[in-house]
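At position 300 of the sequence shown (counting the first as 1) the number is 300 in our numbering, and the numbers step up by one without a gap.
Be aware that one or more of the hints could be misleading.
Keeping only pairs whose Cα atoms sit at most 35 Å apart, straight-line, the calculated DSBU-like set for lysine-lysine is [claimed, not checked]: (1) Lys423 - Lys117; (2) Lys136 - Lys319; (3) Lys423 - Lys335; (4) Lys343 - Lys319; (5) Lys335 - Lys390; (6) Lys423 - Lys343; (7) Lys335 - Lys319; (8) Lys313 - Lys343; (9) Lys335 - Lys313; (10) Lys390 - Lys319; (11) Lys423 - Lys319; (12) Lys390 - Lys423; (13) Lys390 - Lys343; (14) Lys313 - Lys390.
The hints are simulated quantities; they were obtained by calculation from the structure and are not laboratory data.
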Amino acid sequence: MDAKLARRRRIAAPVVASTLALGLLGAAQPSPSAHPASQPSPSAHPASRWTAAWGASPQLPSTGFTPNWSQEGFSRQTVRQVVRVTGAGEQVRIRLSNAYGTSPLSITGATIARTAKEERAAVEAGSVRHLTFSGKRSVEIPARGELRSDAARLPLDRLESVTVTLYLAGTTGPATFHSQAWADTYRAEGDHRADVSGAAFTDTTQSWYYLSGVEVGGAERGRNDGIVLFGDSITDSFGSTPNADRRYSDALAERTGRPVVNQGIGGNLVLNDSAWYGERATARFARDALDQPGVSTVVVLEGLNDIGFSEAKDQPTYKPSPVVSAAELIAGYRKLIRAAHAKGLRIVGSTLLPLKGSDHWGPHAARVSDEVNHWIRTSGEFDAYADFDKALADPADADRLDPAYDYGDALHPNDAGYRLMAKTVAGVLRDAG
Numbered sequence: 001m002d003a004k005l006a007r008r009r010r011i012a013a014p015v016v017a018s019t020l021a022l023g024l025l026g027a028a029q030p031s032p033s034a035h036p037a038s039q040p041s042p043s044a045h046p047a048s049r050w051t052a053a054w055g056a057s058p059q060l061p062s063t064g065f066t067p068n069w070s071q072e073g074f075s076r077q078t079v080r081q082v083v084r085v086t087g088a089g090e091q092v093r094i095r096l097s098n099a100y101g102t103s104p105l106s107i108t109g110a111t112i113a114r115t116a117k118e119e120r121a122a123v124e125a126g127s128v129r130h131l132t133f134s135g136k137r138s139v140e141i142p143a144r145g146e147l148r149s150d151a152a153r154l155p156l157d158r159l160e161s162v163t164v165t166l167y168l169a170g171t172t173g174p175a176t177f178h179s180q181a182w183a184d185t186y187r188a189e190g191d192h193r194a195d196v197s198g199a200a201f202t203d204t205t206q207s208w209y210y211l212s213g214v215e216v217g218g219a220e221r222g223r224n225d226g227i228v229l230f231g232d233s234i235t236d237s238f239g240s241t242p243n244a245d246r247r248y249s250d251a252l253a254e255r256t257g258r259p260v261v262n263q264g265i266g267g268n269l270v271l272n273d274s275a276w277y278g279e280r281a282t283a284r285f286a287r288d289a290l291d292q293p294g295v296s297t298v299v300v301l302e303g304l305n306d307i308g309f310s311e312a313k314d315q316p317t318y319k320p321s322p323v324v325s326a327a328e329l330i331a332g333y334r335k336l337i338r339a340a341h342a343k344g345l346r347i348v349g350s351t352l353l354p355l356k357g358s359d360h361w362g363p364h365a366a367r368v369s370d371e372v373n374h375w376i377r378t379s380g381e382f383d384a385y386a387d388f389d390k391a392l393a394d395p396a397d398a399d400r401l402d403p404a405y406d407y408g409d410a411l412h413p414n415d416a417g418y419r420l421m422a423k424t425v426a427g428v429l430r431d432a433g
């Protein structure tokens, strides 16, 4: 059963980080506040006019398990990105991140539109809206900064796909990005931000660039019932079917009817920064989870890589890989719990999935995963817990992922596994009231 924790192996193939990526590890976000906090209540978190309806956690530029454009960046190019919003609204705004840029980022112009149903690179005629930033179409984002656009009127339904297009006339240098999108992103030479057709967008990759959030506002907002899923590659939904919206977060939004924001990063660690897999969870939690408007609940699934990297041999990207104890990992969880409660949010813990047979499996990971899962189930320190270890275990061997839910690496769920995870969390949220 201990092997569950080893499952944390976010990215399946070797990755080579850029010099910029390695140099920026010291520029981490401050860790969340660790002061004691009372239990959250709905009234502790004021109603927001805006609700986070989609998100992607920013990462350092690096080469990933699939080719991407983060290290080369962009110059006189247009980037078109398709995302599915999980909340409805009359207005929309976007969040852009230059968190890992060492110089200001110039956005020449940006648009948002409904995605055309017949072709993902095309947009619906008549729906294109030019976005502004403090009233201007162009904007400069400071090094290591981020910003939100002004509101644009574009009525959107739940689970509708929208297309965000950025034109970058200057040379950006290495780009802040999100490695594993499980959806195509498109690139064109020149300015095609207002194109309805997708004909100019001949290059594709499966990462997101600069875009870190889409938020909706209007008549239906102010409910504060959004959910943040915070974690590693399993939350990021490694192995889900590309361009099909079959992530764990998509399944949870479909099942609950609530806005869901996916803030997973493949390979992420609770306790250590990684040049390839993002800042440690305790450092990025404030930015990626707590700073999401309209959210009431955070669901945490982290720790598999912390204990599994030390079991995996000959994996150059599985660094740092210290031997981490259950006590150290639990101390990291406690920081997240205190930070969530200080913001008036509920926080749901998740047991670590079965991992036997994966490259994260070994005696240490097996023992620590059992210890950690026991603590999550019995300590009462999370407001509730989702027992993924039990739900996805092979009936014939509780240390293994059920073959019916295995993507094929004994680590990551497949589409059916992600649906079962969503069902498990939905049950926990329903029971919690």
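Checklist entry - CA of Lys423 to CA of Lys117, is that 35 Å or under? => result Distance of about 28 Å is within 35 Å: holds.
Item to check | 35 Å limit on alpha-carbon distance, applied to hinted pair Lys335 and Lys313 | outcome: 30 Å, holds
Checklist entry - Within 35 Å, alpha carbon to alpha carbon, are Lys136 and Lys319? => result Given that 35 Å is the threshold and the Cα spacing comes to 43 Å, the pair is violated.
Item to check | Restraint check for Lys313 with Lys343, where alpha carbons must lie at most 35 Å apart | outcome: Violated, because 40 Å separates the two Cα atoms, which is more than 35 Å.
Checklist entry - Do the alpha carbons of Lys343 and Lys319 lie within 35 Å of each other, as the hint requires? => result Given that 35 Å is the threshold and the Cα spacing comes to 32 Å, the pair holds.
Checklist entry - Holds or violated: Lys423 with Lys335, Cα cutoff 35 Å? => result Since the Cα atoms of Lys423 and Lys335 sit roughly 27 Å apart, the hinted pair holds (cutoff 35 Å).
Item to check | Hint consistency between Lys313 and Lys390 [alpha-carbon to alpha-carbon, up to 35 Å] | outcome: The given pair, whose Cα atoms are some 28 Å apart, holds under the 35 Å limit.
Item to check | Restraint check for Lys335 with Lys319, where alpha carbons must lie at most 35 Å apart | outcome: 22 Å, holds
Checklist entry - Does Lys390 lie within 35 Å of Lys335 when you go C-alpha to C-alpha? => result 25 Å, holds
Checklist entry - Is it true that the CA of Lys423 sits at most 35 Å from the CA of Lys343? => result 26 Å, holds
Checklist entry - If you draw a straight line from the CA of Lys390 to the CA of Lys319, is it 35 Å or shorter? => result 29 Å, holds
Checklist entry - Are Lys423 and Lys319 close enough, with their CA atoms no more than 35 Å apart? => result OK: Lys423 and Lys319 at ~33 Å, within 35 Å.
Comparing the model with each earlier hint shows violations of hints 2, 8; every other hint is respected.
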